[in-house]
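2 protein chains.
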Amino acid sequence: MKTIFSPGPSQLYFTVEDHTRHAFKHGIPSLSHRSKSFEKFYQHTQEHLRALLNIPPSHHIFFSSSATEIWERLIQNLVIEKSSHFVNGAFSEKFYKVSLQLHKQAELIQVEDGKGFHEVPELNTELIAVTHNETSTGVTVPCDFIYALKEKNPRSLLCVDAVSSLPNANFDYTKVDSVYFSVQKGFGMPPGLGVWIVNEACIAKSEELLSAGYSIGTHHNLPSYLANGKKNQTPETPNSVAIYVLGKVAEDMLRRGIEHIRKETVYKSVILYQELARHEKLIPFVKEKAFQSPTVIVAETNGYTKALSDYLDSHGMEAGEGYGSHKGNQLRFANFPAHSKEQYELLVDSLRSF
Amino acid sequence: MKTIFSPGPSQLYFTVEDHTRHAFKHGIPSLSHRSKSFEKFYQHTQEHLRALLNIPPSHHIFFSSSATEIWERLIQNLVIEKSSHFVNGAFSEKFYKVSLQLHKQAELIQVEDGKGFHEVPELNTELIAVTHNETSTGVTVPCDFIYALKEKNPRSLLCVDAVSSLPNANFDYTKVDSVYFSVQKGFGMPPGLGVWIVNEACIAKSEELLSAGYSIGTHHNLPSYLANGKKNQTPETPNSVAIYVLGKVAEDMLRRGIEHIRKETVYKSVILYQELARHEKLIPFVKEKAFQSPTVIVAETNGYTKALSDYLDSHGMEAGEGYGSHKGNQLRFANFPAHSKEQYELLVDSLRSF
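As they're listed, the protein sequences go chains S and X.
Position in the first sequence counted from 1, then plus 1353, gives you our numbering.
Position in the second sequence counted from 1, then plus 1353, gives you our numbering.
Hint data in this document are derived by calculation from the structure and do not stem from the laboratory.
If chains are identical, the list can't say which one is meant, so a pair holds when it fits in one copy or spans any two.
For lysine to aspartate or glutamate, the following EDC-like pairs were computed, each having C-alpha atoms within a straight-line distance of at most 16 angstroms: (1) K1659 x E1674; (2) K1389 x E1671; (3) K1584 x E1400; (4) K1355 x D1663; (5) K1503 x E1475; (6) K1642 x E1628; (7) K1583 x E1553; (8) K1389 x E1674; (9) K1616 x E1695.
Generate the whole structure from the sequences, applying the supplied hints.
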């Protein structure tokens, strides 16, 4: 089977299929989500995810159906009037539009696709939305910038889209209020589960909205998540197989060592960016080194899109298409824990011989 | 492995594990939801579900993460001021509360748990919510009652919760505006996917709300579903494996014959209700025959709950607990296509020998 470099859904993590088979063998799909057995593996997933990502006790972990859903829940639960959005690609822009759809005053802080943010503004806002890794363009927002944003805007809730950056991103969670992702990127799972990490300030804000008479949604509002989460349960019948498998994958990654995974991620990104820098036909889309994402690497293909895509395909590799308006001019390469060093070396060799 | 009679998550349909394995083998988990291959199996699922349930072209089929989510989407998309709810158990009551949480004027038409509705009222309302099969109490609302409701209230949108009644329920879709369910009941799949069937009147109402300046939610609003559905796509990265497997299960059920499945459902329900009627220790919770659900059969256990549950367990069968306040006084038995005649005969024999 081909190696999938599309940035999500992407290559499955090595152990996902086995864990899924195990889930079926042990009756996980038929378990009531109010049963002791469910509570046990829910807790296992919580604990191993917490250990893997180093999430402190100040932050809760809740499950949604997708990161797309979490955009909606963030605005419903945390915003009365205004949110501010750092937009540098399609996904950060979608979140901005979600806020508008929910009739909030959404502030746009935008730079061109492929560019990063330089200035840390003072914002008079309830929620600041930053996309740590723009999956559409391969631009990263450095953690220092994110922490500086919080320092300059201590009363705003800082919410970080880490969809294609976790588990590689090593956040200091004490400096952010919410982080969220979906499992079909860095965790190498089938799509259908989002993970929403929130601190007490988020919980307090949602309770404040509720007390003041605002609607904060229904089953997936934060007080409902919290009340059920305390019992190791979910508000509704969830994608239980995915919750189970996520815990097992987190356990596997812990065993392999998260530092080791992160070092490999750096190695793989360095050899690919080096190859793009010296390549005759390709150039990296993101020019400034500080903003080059280590986990989603985007190449401008200068008319060679189809030829390169076909060439890689014939060598057993599937590149991701450029996103939206960049389709046809770019190819994207995910660099997730599911992509081995050997697969990346083969990718780089193939680009060189192209 | 034990036969699971809990009404959901429940016994897996015979072919689900194989189809899941096949999905992994063919790379479904890593497929982009904007790819041709995705569109192909999305269409396959649509067509086979449509054929199985006899859904006319006037109705669209959309995918959510759960029926619980669909409650929220129904109110967001279809109600400006008022919804009316027929409540006779925990799940119909939850939907009523969803409407209140979204700040609508929710009208309650309530009978005691275990009882049915006799009167067809004239209602001045935008949305009428009926639960075809109350999973918590085993009460069914006969289709004739549902159709009469629509006839008496032609300007209200009639929305039918068919969570634990499909694929057994044989609806005349021309007489209802929306029907919804989740796949972990009658379709015998792992939880994590809801199916939302809506007609053009629902689409028109959501567009009317949008034009008039109301917020109708974000990615899972009806215009967004419609725009993506026309391309055989979903608004967000969905639980694609579940969409794939659902299509395969629908195909299997079509091959087996839906009439055959429905006849077997009747046979199984008749032998269980007969046994409950003549049993010395047990009685059916729902007394009036017209309201006895064929797909979720609830027994009052008169102090024998634990003894019976343990007895069945020792014979390789898992009964469902009573729901909510009925826990401890009742046991529930799902009668889904995944439960064979032989398994039901064994269940009935075991109840007799208890």
